[in-house]
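Student: Going line by line, the protein sequences match chains X and A. Numbering-wise, the first sequence is residues 0 to 340 according to numbering that gives the first Met the number 0. Numbering-wise, the second sequence is residues 0 to 96 according to numbering that gives the first Met the number 0.
Be a bit skeptical, because a hint or two may be false.
What follows is a set of in silico ranges between Cβ atoms, one per label pair, in the way DEER data are often shown [claimed, not checked]:
{"hint": "1", "chain 1": "A", "residue 1": "G40", "chain 2": "X", "residue 2": "A200", "range": "50 to 60 angstroms"}
{"hint": "2", "chain 1": "X", "residue 1": "E18", "chain 2": "A", "residue 2": "I90", "range": "38 to 48 angstroms"}
{"hint": "3", "chain 1": "X", "residue 1": "T39", "chain 2": "A", "residue 2": "G67", "range": "44 to 54 angstroms"}
{"hint": "4", "chain 1": "A", "residue 1": "E86", "chain 2": "X", "residue 2": "F314", "range": "46 to 56 angstroms"}
{"hint": "5", "chain 1": "X", "residue 1": "F314", "chain 2": "A", "residue 2": "S79", "range": "51 to 61 angstroms"}
Keep in mind the hints are simulated off the structure, nothing from the lab. Idealized CB from N, CA, C, for every residue including glycine.
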Amino acid sequence: MDRHSAIDFRLTDVAKHPERLSQIRYLLADSGLGLDNDITLFVEAWSGTQLVGCAGLAANVIKCVAVDEQLRGANLSARLLAEVENAALVRGHFHLFLCTRPCNKERFARSGFWPIAQSGNNAVLLENTPQGIERYCRSLAAQRKCGEKIGAIVMNANPFTLGHRHLVEQAAQQCDWLHLFVVREDASFFSFRDRLDMVRAGVAHLSNVSVHEGSQYIISRATFPAYFLKESGKVQQAWSEIDVLIFRDFIAPALGITHRFIGSEPFCDITRQYNQTLHQLLAPQIEVVEMPRIKATGNAISASEVRRLLKTQQFSRIREIVPESTFAHLEAHYSARAEVA
Amino acid sequence: MKIVREALAGTQESSDLMVKIAPADGELEIVIHSEVIKQFGDQIRQVVNETLHALAVRQGLIIVEDKGALDCVIRARLQSAVLRAAEEQPIDWSKMS
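So here's chain X without its partners, still in its complex pose (with noise of 0.2 angstroms):
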């Protein structure tokens, strides 16, 4: 009988099926891959009583794609990311990301998916739209300002401090104009648009500065290719190689940028390494500058303070370290739970 004809397609919900996982976590080992806990569904391809390929899916990234060695060259893998588009689509992603190895990456262009950025051997980034990052890119292109030393920050801003006011500041007085890009990702205590509010309000003093939403092309879950390397400490890099890369190749060209400015970091490991990441691979054509942090009663000013500041209601203690605007912010939503308490 042909193999080819003989296999069927499930999709498996995560949440509502978890004991499904035992069977898919071991195929993904025999690839060489972990499962990622962010996936929250599951495309299978069953051949008889055996499973033989599977990709999963986490919002908008499809990640943990694998098939049965004695598959491979059947095209299933191109078969799996139909029924992935297809279910994603039911779901309302239609615009999707791709994270593998780079040896994968022709497998993956033949059946519909654009590389975008690629880090060394550990991992390349695609999306299945042959001209998405290029769109986005015109998009912020109409936004371009004149000007010799155009600088650039991104930052999440959970929730938006004295810290970051100051390094904007800095900032935008070192250059003709400076595009500050908020995190989009809906995955920090602040919502994007409490942040993207919080960060508008504490920037509207300042005549040289665009506040922009960020994208899937600024730190986000597609940047992120996490999954398909076991040492965390090479997942990082993977992940900060990509999206520096993506900033340096697209964004920065596309609106002029020459300086991107950082906070220095203290606290965080990982937006340390991110840090040092920037510096290598921005030099030479965007300068980085990194500015130490702001101190404000002996420590340095960090937006996770104020978080854990807030959830014991210390608003006074928070008052010293945040904005007016982030104040009034905050207390509007946040202190009602004390007269509740």
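With chain X's structure known, arrange chain A on it following the hints.
Tutor: Coordinates of chain A only, in the frame set by chain X:
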């Protein structure tokens, strides 16, 4: 027909094709990928253009991932994708030949 939503049709099987359609403002952009583009690129492009013309599709992003499909299959997949992506409206079957 006006493309108002994203849609897919077809598969990645050999002799088939996958069509992806998305709305685009004011422009019709057609991207064709084919394993047989060297031999049949012109022919495929012509079938795609004619089919879109017959359906009066004037704007949108059309991505065609061809795996060596026959002309009739290309037409059928394109028609399905366009109908899924277009506003609901009565179908003029005579144009679907």
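Student: Against each hint, give a clear statement of whether it holds in the structure.
Tutor: Hint check:
A hinted range of 50 to 60 angstroms for the beta carbons of G40 of chain A and A200 of chain X is consistent with their spacing of about 54 angstroms. Judged by the Cβ atoms, the range 38 to 48 angstroms given for E18 of chain X and I90 of chain A holds: they are separated by roughly 44 angstroms. Distance hint check for T39 of chain X and G67 of chain A: the Cβ-Cβ separation is about 34 angstroms, which falls outside the suggested range of 44 to 54 angstroms. A hinted range of 46 to 56 angstroms for the beta carbons of E86 of chain A and F314 of chain X is consistent with their spacing of about 52 angstroms.
A hinted range of 51 to 61 angstroms for the beta carbons of F314 of chain X and S79 of chain A is consistent with their spacing of about 59 angstroms.
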